[in-house]
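> Residue numbers (my numbering), protein chains in the order written: chain P, 1 to 233; chain F, 1001 to 1404.
Treat the hints with care, since some could be wrong.
Computed cross-link-like contacts, DSSO-like style, restricted to lysine-lysine with a CA-CA straight-line distance of at most 30 Å [as the list claims (entries may be wrong)]:
1) Lys-136(P) to Lys-1311(F)
2) Lys-119(P) to Lys-1323(F)
3) Lys-67(P) to Lys-1323(F)
4) Lys-116(P) to Lys-1162(F)
5) Lys-67(P) to Lys-1311(F)
6) Lys-1248(F) to Lys-71(P)
7) Lys-136(P) to Lys-1323(F)
8) Lys-1311(F) to Lys-214(P)
9) Lys-1015(F) to Lys-71(P)
10) Lys-136(P) to Lys-1015(F)
11) Lys-119(P) to Lys-1015(F)
Calculated directly from the structure, the hints in this document are not laboratory data. What you are looking at is a predicted structure, and each value in this text was computed from that prediction instead of being measured.
Okay, here's what each chain looks like letter by letter:
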Amino acid sequence: MLEMNNINKIFQTADIQTHALRDFCLHVNEGEFVSVTGPSGSGKTTFLNIAGLLETYSSGEFLLDGKDVGKLNDNGRSRLRNEKIGFIFQGFNLIPDLNLYDNVDVPLRYRGFNSKERKRRIEENLERVGLATRMKHLPSQLSGGQQQRVAIARALATSPRFLLADEPTGNLDSEMAQGVMALLEEINQQGTTIIMVTHDAQLAARAKRTIQVKDGQVNEQQSAPILNKQAIA
Amino acid sequence: MLETGLILRALARNKIGALLIALQIALTLAIMVNAIFMILERQQQMQRASGLDEANSFYLTNTIFAQDYNIISHLQTDLHTIRNTPGVIDAVQINAVPLSGSGWSMALQHQPGEDKDAIGAAIYLVDEHGINSLGLTLIAGTNFSQADVEIRQDGQSTWPSKTIITQAFAESLYPDDWQAAIGNTVYISQHQPMQIIGVVKALQAPWNGWNGVERSMLVPFHRASKGSYYYIRTEPGQRDRLMPIIEKALAESDKERIIRRVTTVEETRARSYQQHNASNKILITVVITLTLITGFGIVGLAIFSINRRVKQIGTRRALGATKGQIMRYFMLENFLISSIGVTLGCIGAIALNIWLVNTFNFAPIGVELIAFGVIALFIVGQLAVLYPARKAALIPPASATRTV
Chain P
1 MLEMNNINKI
11 FQTADIQTHA
21 LRDFCLHVNE
31 GEFVSVTGPS
41 GSGKTTFLNI
51 AGLLETYSSG
61 EFLLDGKDVG
71 KLNDNGRSRL
81 RNEKIGFIFQ
91 GFNLIPDLNL
101 YDNVDVPLRY
111 RGFNSKERKR
121 RIEENLERVG
131 LATRMKHLPS
141 QLSGGQQQRV
151 AIARALATSP
161 RFLLADEPTG
171 NLDSEMAQGV
181 MALLEEINQQ
191 GTTIIMVTHD
201 AQLAARAKRT
211 IQVKDGQVNE
221 QQSAPILNKQ
231 AIA
Chain F
1001 MLETGLILRA
1011 LARNKIGALL
1021 IALQIALTLA
1031 IMVNAIFMIL
1041 ERQQQMQRAS
1051 GLDEANSFYL
1061 TNTIFAQDYN
1071 IISHLQTDLH
1081 TIRNTPGVID
1091 AVQINAVPLS
1101 GSGWSMALQH
1111 QPGEDKDAIG
1121 AAIYLVDEHG
1131 INSLGLTLIA
1141 GTNFSQADVE
1151 IRQDGQSTWP
1161 SKTIITQAFA
1171 ESLYPDDWQA
1181 AIGNTVYISQ
1191 HQPMQIIGVV
1201 KALQAPWNGW
1211 NGVERSMLVP
1221 FHRASKGSYY
1231 YIRTEPGQRD
1241 RLMPIIEKAL
1251 AESDKERIIR
1261 RVTTVEETRA
1271 RSYQQHNASN
1281 KILITVVITL
1291 TLITGFGIVG
1301 LAIFSINRRV
1311 KQIGTRRALG
1321 ATKGQIMRYF
1331 MLENFLISSI
1341 GVTLGCIGAI
1351 ALNIWLVNTF
1361 NFAPIGVELI
1371 AFGVIALFIV
1381 GQLAVLYPAR
1391 KAALIPPASA
1401 TRTV
């Protein structure tokens, strides 16, 4: 489903070359919940940006649902992003001037759905995250946890194959973080593949698979049950 | 898919900047449309035909300082000399020059008497060479004959019995059928009869700002005056060569007068419309400056708005917006702001025009000019926002994940 083979990402400035990713290899199968951890500067965000088609890579091979991403132009990447990927950001990234309904509507408009279909998807997904009664509220009228739920509804509205979550609980207190994590687990159980970048070892342990990135490479991969047991203990 | 509703709702929650630009657009439209209207009106005035063969005509002043001087005898000699100079088509003594700003006017009325309605017109005293010298077109009736021409002493209050008038004057005197003027008797100085024997197509008065500038009349007089104009028409291309030749010939033939102010009719036209030209240049500068300020205002607001929304634009890209969709968003946003601006501007333009009509007797503004202003400002808006919109489209989608 997501297949990265020997991906390299080099940032070039006037004098310095920085290798953000080195021969990065990762395969993610349908239905997985993968957490990505690692210290700051390890390449987690670069990986997430490349996986989400937000950035191009310098060399290597990246197949998304069998499609060679390297062969796509900017428009092609935008379309693929809209169709296959849903994003959840650490800072929620809701549009402050739009109410919840309109915020969830944004990616649906880019897809070109008609208004009836958009309405159905918006209501269904806001219902799913428990905010159907607050559609006309502005993001500023919600708590952080509620805002992240809106962001999840927005990510889910286009029925993506992947959810890419960048520190989804980073700006939330532990109670809200637990709520958001529970929601992500529920979404994963319903069949959506999730890749989550996080600093939080406890949250990472709740994923089915954890990978640790260090110096731009996959350093270690572990299956979740062991970590989960450790976390519970 | 167009995001009109989303943009309008977002603008409604963040309205100050957009409202200021919309007001600037409105003000620009109101002033622009009325200024262009004034410019066009002045240009139309400047383009009106004087009726003269302007390119090939010049005139000079003949000022006699001698005592016991036979003015009429010398006048005949001078006109004979000028008319027989190779390259000259014709010449005439005249009391005033069209568009020069200085001249005479009289009024004609249908009935004799003091309380009768009369219509004013510029009056030119010429002989039977007047029409040919001025380059006028006789469209009805006949020219004066040599026998019609009388001598006019300074201060004389009687008038010859014949006149030739312009078509515009004939239309004022006979609104139903200007051709009915031919052969009719009208009255000058309230009581003196005068028969209209001819109509010329056009001959403007000396005063370009007068609303009766197209109303003129020719009267067959030779003036026995110590100061007069000689108006000379040359063959095409001969004017500039002949001006010094005729000046010298006249000056040398008679030392008891001064020949001065040898001037082309083209120079007179340019001087006559100097103020019009200056006003138009000022108005054009105002229109361009206002439009540029509005354009820069739009650029400024768009850049400010984009810089404020870098993360939001990155998020939109991350959610699947193409570069084209981001550009379209800002172009559409500007279009919507411009729409509010031009709607207010149309109301402002009409209100300003009503005020100008009532205060300065301007003509009402045309719908097509307002439409032009609206389209022009939409184009200015779209061009102004093009660069910022392009800048926005180049914001990378990865901006969405940057924490700073």
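> If a hint holds in the structure, say so; if it does not, say that too.
Hint check results:
no. : hint                      : in the structure
1   : Lys-136(P) to Lys-1311(F) : holds (23 Å)
2   : Lys-119(P) to Lys-1323(F) : holds (25 Å)
3   : Lys-67(P) to Lys-1323(F)  : holds (22 Å)
4   : Lys-116(P) to Lys-1162(F) : violated (86 Å)
5   : Lys-67(P) to Lys-1311(F)  : holds (28 Å)
6   : Lys-1248(F) to Lys-71(P)  : violated (88 Å)
7   : Lys-136(P) to Lys-1323(F) : holds (29 Å)
8   : Lys-1311(F) to Lys-214(P) : holds (27 Å)
9   : Lys-1015(F) to Lys-71(P)  : violated (43 Å)
10  : Lys-136(P) to Lys-1015(F) : holds (19 Å)
11  : Lys-119(P) to Lys-1015(F) : holds (27 Å)
Taken one by one, the earlier hints fail for this structure at numbers 4, 6, 9, listed in ascending order.
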